[in-house]
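Chains as they are written, first to last, in our numbering: chain A, 1 to 494; chain B, 1001 to 1489.
Any given hint could be a false lead.
What the hints assert, rightly or not - Take a look, some chain A residues computed to stay more than 12 Å from chain B by CB distance:
1. Glu25
2. Glu49
3. Ala53
4. Asp286
5. Gly331
6. Gly366
7. Thr395
8. Pro424
9. Met427
Unchecked claim - Simulated restraints on C-beta separations:
10. B:Ser1277 x A:Ala352: 35 to 43 Å
11. A:Lys384 x B:Gln1308: 39 to 47 Å
12. A:Ala352 x B:Ala1281: 55 to 63 Å
13. A:Ser387 x B:Leu1222: 34 to 42 Å
14. A:Ala248 x B:Leu1222: 51 to 59 Å
Unchecked claim - Computed from the model, here is a short list of chain A residues facing chain B with C-beta under 7 Å:
15. Cys82
16. Arg328
17. Leu370
No wet-lab data here; the hints were simulated from the structure.
C-beta: ideal position from N, C-alpha, C; glycine also.
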Amino acid sequence: MSDLTHLSLADARDALKSKKISAVELTKAHLGAMESARALNCFITETPELALAQAQASDEKLASGQAGPLEGLPLGIKDLYCSKGVRTTAASRILSNFTPPYESTVSGNLIRDGAVTLGKLNLDEFAMGSSNETSAFGPVISPWKRHGDPDAKIVPGGSSGGSSAAVAAHLCLGATATDTGGSIRQPAAFTGTVGVKPTYGRCSRWGIVAFASSLDQAGPITRTVRDAAIMLRSMAGHDPKDTTSVDAPVPDYEKAIGASVKGRRIGVPKEYRLDGISDEIAAFWDQGVAWLKEAGAEIVEISLPHTKYALPTYYIIAPAEASSNLARYDGVRYGLREQGRDITDMYEKTRAKGFGAEVRRRIMIGTYVLSAGYYDAYYVRAQKVRSLIKRDFDTVFAAGVDAVLTPATPSTAFAQGEQGSTDPVEMYLNDVFTVTVNMAGLPGIAVPGGLAANGLPLGLQLIGRPFDEETLFSLAHAIEAAAPKFDFPQPWWR
Amino acid sequence: MATQAAPSKLIKGATGDWEVVIGMEIHAQVTSNAKLFSGASAEYGGAPNDHVSLVDAAMPGMLPVINEECVRQAIRTGLGLEAQINLRSIFDRKNYFYPDLPQGYQISQYKHPIVGEGLVIVDVSPTERITVGVERLHLEQDAGKSLHDLSPSESHVDLNRSGVALMEIVSKPDMRSAEEARAYVTKLRALLRYIGSCDGNMEQGSLRADVNVSVRRPGDPLGTRCEIKNVNSIRFIGQAIEVEARRQIGIIEDGGKIDQETRLFDPGKGETRSMRSKEEAHDYRYFPDPDLLPLEFDQAYVDALKAQLPELPDAKRARFIEQYGLPPYDAGVLVMERASADFFEETAKGRDAKLAANWVINELFGRLNKEGLDVTRSPVSAQALGAIVDLISSNVISGKIAKDLFEIVWTEGGDPKEVVEARGMKQVTDTGAIEAAVDAVIAANPDKVEQAKAKPTMLGWFVGQVMKQTGGKANPQAVNDLLKSKLGV
Chain A
1 MSDLTHLSLA DARDALKSKK ISAVELTKAH LGAMESARAL NCFITETPEL ALAQAQASDE
61 KLASGQAGPL EGLPLGIKDL YCSKGVRTTA ASRILSNFTP PYESTVSGNL IRDGAVTLGK
121 LNLDEFAMGS SNETSAFGPV ISPWKRHGDP DAKIVPGGSS GGSSAAVAAH LCLGATATDT
181 GGSIRQPAAF TGTVGVKPTY GRCSRWGIVA FASSLDQAGP ITRTVRDAAI MLRSMAGHDP
241 KDTTSVDAPV PDYEKAIGAS VKGRRIGVPK EYRLDGISDE IAAFWDQGVA WLKEAGAEIV
301 EISLPHTKYA LPTYYIIAPA EASSNLARYD GVRYGLREQG RDITDMYEKT RAKGFGAEVR
361 RRIMIGTYVL SAGYYDAYYV RAQKVRSLIK RDFDTVFAAG VDAVLTPATP STAFAQGEQG
421 STDPVEMYLN DVFTVTVNMA GLPGIAVPGG LAANGLPLGL QLIGRPFDEE TLFSLAHAIE
481 AAAPKFDFPQ PWWR
Chain B
1001 MATQAAPSKL IKGATGDWEV VIGMEIHAQV TSNAKLFSGA SAEYGGAPND HVSLVDAAMP
1061 GMLPVINEEC VRQAIRTGLG LEAQINLRSI FDRKNYFYPD LPQGYQISQY KHPIVGEGLV
1121 IVDVSPTERI TVGVERLHLE QDAGKSLHDL SPSESHVDLN RSGVALMEIV SKPDMRSAEE
1181 ARAYVTKLRA LLRYIGSCDG NMEQGSLRAD VNVSVRRPGD PLGTRCEIKN VNSIRFIGQA
1241 IEVEARRQIG IIEDGGKIDQ ETRLFDPGKG ETRSMRSKEE AHDYRYFPDP DLLPLEFDQA
1301 YVDALKAQLP ELPDAKRARF IEQYGLPPYD AGVLVMERAS ADFFEETAKG RDAKLAANWV
1361 INELFGRLNK EGLDVTRSPV SAQALGAIVD LISSNVISGK IAKDLFEIVW TEGGDPKEVV
1421 EARGMKQVTD TGAIEAAVDA VIAANPDKVE QAKAKPTMLG WFVGQVMKQT GGKANPQAVN
1481 DLLKSKLGV
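Given the sequences, and given the hints that come with them, work out the whole structure.
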């Protein structure tokens, strides 16, 4: 049975279609894996009864020939997506008792297409973090181990750390995730998985707990590029309930898998050769360039001159939006309420107890940059820089570049407590290669490229033109095919 | 337009004259079925929290979607204000914490409103007309309602109004008296009702005013203003301005200075009270709402809405003056409500329009006001009033009899013509009969005849006597003519 968890999503789909396996046995295999992996703390809420009921319904549909594209495939749902009738926490104490009476559009799309939902995956509180250490439900532990360091608890990245760890540990075939500054791509890179941040507007944000509305985007984390393409096709699409979602047809992304990349122009931005970048990462990047070249792509050096401003700008815009988006968690209508002497006291006590340190820090930063007297100096300027960052990419794409290749992260995964405990900016630097993509609203994909000397995965990032996820899938698949094969960790956690 | 007030508008203080300067922010609830950003009902009333969607309650992950009808109404209103319509406008978040504000922010328009500068022409009196500039009109969400009297220890929140669309119409500080301010709101309300973008119902809170008041010596720069929040009747607006101006004058004349603050008007006590000072004012941290794209439409859309606008009060007034030869003020009174104007036109159709206007304004409106009735619920129909006008024009009845006839039709109903027939109210135009009555009166009062020859104003007394004899039915002109010739005056 446990072998079933080692199927790729695409293979599981084919096996279900050809009746080699049943959705119920596939689901049971994953529920079993979840049960024996609680030490990793991937799930905040497990929904085995719901999953089995969905699997049974899927088997009936498979039998009657009414199967959807994802029929019977067990997935994990990041606990930022509201699930109808299932507790949804955003990994925050303030929502620890919240059960939405509605299903987010994207998870609803997956369920519509037949997916089985195993439970709600852990994350950094309100998606604010890069290591999954800010969750009110405890940190997620990566299934990966550093060579010669069996005791160190490696982080799975963040904020979608539950998603990346669960997929890497074979607890689900794929998982939903969200990406505001790198929250899909960085955890994917840390765990040897594939993570797609689609173009802003490609997936509906409706029913996903908002962090920074102009940057948030839903996407999948899977073990293969093909699996990501299959999942994204179901997740994407126009939603009249989200006016920032775009009304454009969703292509069959799977068709892009295996498509030739010959003659594709790949930009390599010189500004990403940061001072702090390790030799190993630099060499790995060069290796990625070589793989694409071998596959027939044309490599050009490009310039994205405003890159160095991206991170500070991001840490103005994202907290500003967050400070406003999180105002609704006030103890009045739902969620945690701490009694107070009067309304202000209730607000203060509720929010002080309900939010963790990182969330409080970002609310304060956001409140500060929007304040009278600072708004123009910070927020307005940051928005101007944001348009310049976007223009950098526009210029490059207009010059005929099809995609940009960079490392996904400045380092491999670190262990719990190793980063950001004294200086939060150290943790923020994890997003240095990924935030520009959110700032410009572009699609990005993180694809594994093998293991570093310390035994931990390394990931490359491809950045594409708006709504050209297909090119990213073809290129990522070329890298996947060229990169050395690696095995996901043996289940030491059992 | 910050002109100086006429001397008659100045307020006398202990140390000289003061000029009051008034500007207003009117919150007008948009007439639409659904709220500004959700599909929930925008209907007034309902059990608490009956009209609340997931968006209105600010549940996690909910997103606003603009209601096109509200946009359409805002544009139509802007056109009615002869204002600039901005083809691109932006929704901002106004951040503050309050239990009846579920999102923790109000979605409003701050730097880029949908409607820019416009104007309202206001008839303050039969002889005075002012133009009040409009600074802007923007769309925003209403808040819910906090209820503090349901429990001794807890407050309750009703979110039915939360998210309902409001148009905030900001005037320039162009008013110089409580009377002007009242006339402005009256006119603006009439305009909104004509357009159909707001029902103007102040009791239900569909129209609320924040009134900015400051005082200065005539010719001086603007003084420090105080904002009186949420005044909900035209009468209270007038009262609030008067007491606030007096309060400010008193402070300045006593050597003090005005603190910029927000105040509340207490109609019971007839005073304004401080609500919060400038220092306590919120920092709203406005920024563009990232959940909403800029609101954009093209000029063709605006033009189509313009073409479909009904005739508005100013145009109608001009037409009434031109077409019916009415005095401007009468025309202005008639067009205040669309229903009144329609009633007048129905009454005047094919008749002496001035006479019809007199009857509509003086008799009908007078009576409706006394009974607190709307013109649409008048017991005397336009047809009936027209028939009464006909009877006067054709000398069948006198003006005096017509008033009795109006009273009968008002209370008992019926066709005025038939009533006149049935009750013998016809005017006596038979000169023979009138002459007999005149002769009788002259014969019976020889002393008065002598007096009248010396003092022609005595004629009125004779007219009265003749009318008495004829039961008021004699044609007054005929009586007059006969008396004059017989008395030789």
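**Item:** Which numbered hints fail
**Value:** 5, 6, 10 and 12
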